[in-house]
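Spelled out, the chains give:
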Amino acid sequence: MNKSKEQLLNKRYKAEQRFRLYGLGAIFMALLFLTIFIFKIFSTGYSAFQKTWLIVPVTFDAELMMLEQNPSNEDLQDADYYDIALKSMADLDPNANEDQENELKRMVSYFFEKEIKNELLNNPGLIGKTKEVYLTASDDLDQVFKGNYPRDLPEDQRRVSDYQLKIFDQLVAKGKVESKFNISFFTYADSREPELAGIASSFMGSIFSILVCLMIAFPVAVLAAIYLEEFAPKNRFTDFIEVNINNLAAVPSIVFGLLGLGVLLAIFHLPRSTPLVGGITLSLMTLPTIIIAARASLKAVPPSIREAALAMGASRMQTTMHHTVPLSMPGTLSGTIIGLAQALGETAPLILIGMVAFVNTIPGSPMDPAASLPVQIYIWAESAERGFVEKVSACIMVLLGFLIIMNLFAQIIRHKFEKKWS
Amino acid sequence: MIKIKAKNVDVFYGKKQALYNIGLDIEENQVTALIGPSGCGKSTFLRCLNRMNDVIDICRVKGEILINDFNINDKSCDVVRLREKIGMVFQKPNPFPKTVYENISYGPTIHGMAQSKQEMDEIVETSLKKAALWEEVKDRLHEPGTGLSGGQQQRLCIARAISVRPEVILMDEPCSALDPIATAQIEELIDELKKEHTIIIVTHSMAQAARVSQNTGFFHLGQLIEHGSTDKIFKNPDNTKTQDYITGRFG
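Order-wise, the sequence lines are chains A and B.
Quick note: the first sequence uses our numbering, first residue 1, plus one each step.
Quick note: the second sequence uses our numbering, first residue 1, plus one each step.
Where hints are given, some of them may not hold.
[As the list claims (entries may be wrong)] Derived BS3-like pairs: lysine-lysine, alpha-carbon spacing no greater than 30 Å straight-line:
hint, chain 1, residue 1, chain 2, residue 2
1, B, K98, B, K62
2, B, K98, B, K241
3, B, K3, A, K299
4, B, K194, A, K299
5, A, K416, B, K92
6, A, K234, B, K194
7, B, K138, A, K299
8, A, K166, A, K180
9, A, K416, B, K138
10, A, K114, A, K129
11, B, K3, A, K234
12, A, K234, B, K232
13, A, K234, B, K138
14, B, K92, A, K234
15, B, K235, B, K62
16, B, K98, B, K15
17, B, K138, B, K75
18, B, K98, A, K416
19, A, K299, B, K98
Since the hints were made in silico from the structure, they are not lab data.
These numbers were taken from a predicted model, which means no experiment stands behind them.
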C-alpha cells in the first residue's frame, strides 16, 4: 500500500519534471529561431550602412567646363561637368582604349558628375586646379570591396570585368578606396542603382501613412468604443455589432487592400500610390484593434468609480468624460500604438493600392506618391542586383527598430500612467 | 416629520423579484438602519432611493417613493437633481483616483455651487471638517485620495457626499471594510451628521444598528418584515423572525 503510494508520488514528480523540460525546450527553440533570424538579418544587413568611395583626382579645367573668366554662381550651376568627370575617370589608366574608358566610367555611380559639381560649388576656388574627389563606387565594386562578390567566377558571368577589377585593385593598393558611413541610405529616395538607393521615400511614406491612419482610426475607434461600452443598450443589435467588430479584426489585410482599391481609388478617385489612400486603408484595419483595446480598458475601470460619480449627481456623459475615459486612456493609447505598429508592418493592402510603384522622389505630403518601408523591402527583395541583398536586410533592421521603439513606447505609457486602484 | 415615504415598492431583476411590496416611512434628521441577512434586498431598497438601480439594465422598479412629497419614480423626476439631494456612501471606499481636494470639489463643480476659488476652498474645508478628516489631511490636500488609509478613504467619501449639502445620505454598509477603530469614528460621525441630514444606513452588524439608529427596518427574503423604533425592534419585536434574527438564531 505504502509502496504504491510512493510510486504514484514519484510518477507525479517525474511527470512534472518532464513537463518543465518540454516547456524549456519550447522556449529554447523559440529563442533559437529568433537568434538565427536576427543574426542573419544583421550579418547580411550591417554592410549596407557602409558605402564604398573611390578617391579620384579631378582637374577642374575651366575650358572643358565651358566657363569664362570669373564665373558667377549661376555660371557654375550651368557649367558642363560631364567632360571633366569623364576625363578624370579615363585618366585612371592613361593607356586605356575607348572601350576601357567606358568601363572606367562604369566603375562609379552615374551620380559622379553631380558629385564633382557639388565639390566645385562648395569650393569655387578649385577652378584650374586638381583635387581628389570622393566618388560613389558602382554597386558591384561596392560589393567587391565588402567581400560579398565572388571574384573567382568566370569573367562572362560577372558584372565586373577583369579590367575593372585590375584598376580597382590598383586603387585599393594606393589607398584610394575608402568605406564610410552610408548617409545616403537615409537621405536618398529609391533608385534602380543599389549604390544610390535609399529609404527616405519609403520612410516618409510610412510616417505619412501612419499619421493619416492615426488621425482617422483613433477618434472613430475611441468614440465607437465609448458608445458601445458606456451608452449602448445591451441587446441583440449591439451583440451583433460586437461580433462583427471582432470578426473585422480577423479579416486578412489584403481584403482591406481590395476595399481601398475598389472604393477609394475606383469610386472616389483619390490619388493612386499615395500615403493618403494607404493611411485610410490601414485605418480600416486598425479600427477593430483600437476598438477592442479601448473597450477592454474601459471595462477595466472599476464600476465603483462610475457609481461614485453617478451618486454625486454627475450625468452619464460627465461620468464618462470626467472619470471613465481619462482612466482608460493609458490602455487605449497603448492599444492604439500596437495597432499602428501592426499597420506599419502591413504590406499587402499597400501593394494593392499602388504604393508598390517605383518612387524616386521624397514625398512632401500625404498626397504625393510614396512607398512604405515594408513595401520597399518587397521591392528590393524582388530586384536582381546583388547590391540590394544587403539593402533588404538593412531596411528590415530600420523597420524592426521602428517597431521596437513603438512597442516600447506603448509599454511605457501603460506602466507609467496606469492608475492604481485604491 | 416624514422625509421619505415608500409605498408598494416592487423591484425585479429580469424575471426575478427582489423586493415585494415595501412600504416604509423614514423620519427626517434621524438615522434609519436597514438590517437583515445577505441577499434580503436591503441594499436594493437603498439604491431605489437615489435611483442607482437605473444603472442596472435588467432592473425594474415599481411603486411610489415620495421624497418631500415628490414621487422620484415619476417620469418628470430628473436623476441628476435627485442625486444632488440624496448623497450616497458605498460599501467599499471608492474615492476618485484624484487628489483629496479634487475628490471633494467634484460635486460642487458639476453642480455649480462655488463661484470662486475661495468659496470652493471653503466648501472643501467644511466638508472635510464635518467628516472629521480635516486635521488628518489638511497638509496633503493635493495628494491622491487613494493614498489614504481605508478608514480615511471612507471618511473622504462621506466628505465628498456631504460637499453638495444633500438632504439625505444613504450608506450601504459603510463600515464593512473597516477595522473597529475606523468603524467607531464613522459611527460617531453619523451621529453628528444626523443633525443636518437624514441618514439611512444598511448594516450587517446588529450592534451597529442598535448604536447609531433611531429607527430600524428588518428585511427578509425581499420583504420588510418589521419596522419601528430601534428600541422596540431590539427589545420587543412583534415578529418572531425579527426576534430570531436579532438574537442570532439565523442570518
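Taking the hints in turn, this is what the structure says about them:
1. K98(B) <-> K62(B): Answer violated: K98(B) to K62(B) is near 37 Å, above 30 Å.
2. K98(B) <-> K241(B): Between K98(B) and K241(B) the Cα gap is close to 45 Å, so the pair fails against 30 Å, i.e. violated.
3. K3(B) <-> K299(A): With a Cα-Cα distance of about 37 Å, the restraint between K3(B) and K299(A) is violated, given a limit of 30 Å.
4. K194(B) <-> K299(A): violated, 37 Å
5. K416(A) <-> K92(B): Distance ~26 Å between K416(A) and K92(B) Cα, so the pair holds.
6. K234(A) <-> K194(B): violated, 40 Å
7. K138(B) <-> K299(A): violated, 34 Å
8. K166(A) <-> K180(A): Holds, because 22 Å separates the two Cα atoms, which is no more than 30 Å.
9. K416(A) <-> K138(B): holds, 28 Å
10. K114(A) <-> K129(A): holds, 18 Å
11. K3(B) <-> K234(A): violated, 36 Å
12. K234(A) <-> K232(B): Not satisfied, since the Cα-Cα distance of roughly 46 Å exceeds 30 Å.
13. K234(A) <-> K138(B): violated, 44 Å
14. K92(B) <-> K234(A): holds, 27 Å
15. K235(B) <-> K62(B): violated, 33 Å
16. K98(B) <-> K15(B): Cα-Cα ~39 Å, so violated.
17. K138(B) <-> K75(B): Status violated; Cα separation ~43 Å.
18. K98(B) <-> K416(A): holds, 16 Å
19. K299(A) <-> K98(B): holds, 19 Å
Checked against the numbered hints listed earlier, the structure breaks hints 1, 2, 3, 4, 6, 7, 11, 12, 13, 15, 16 and 17; every other hint is satisfied.
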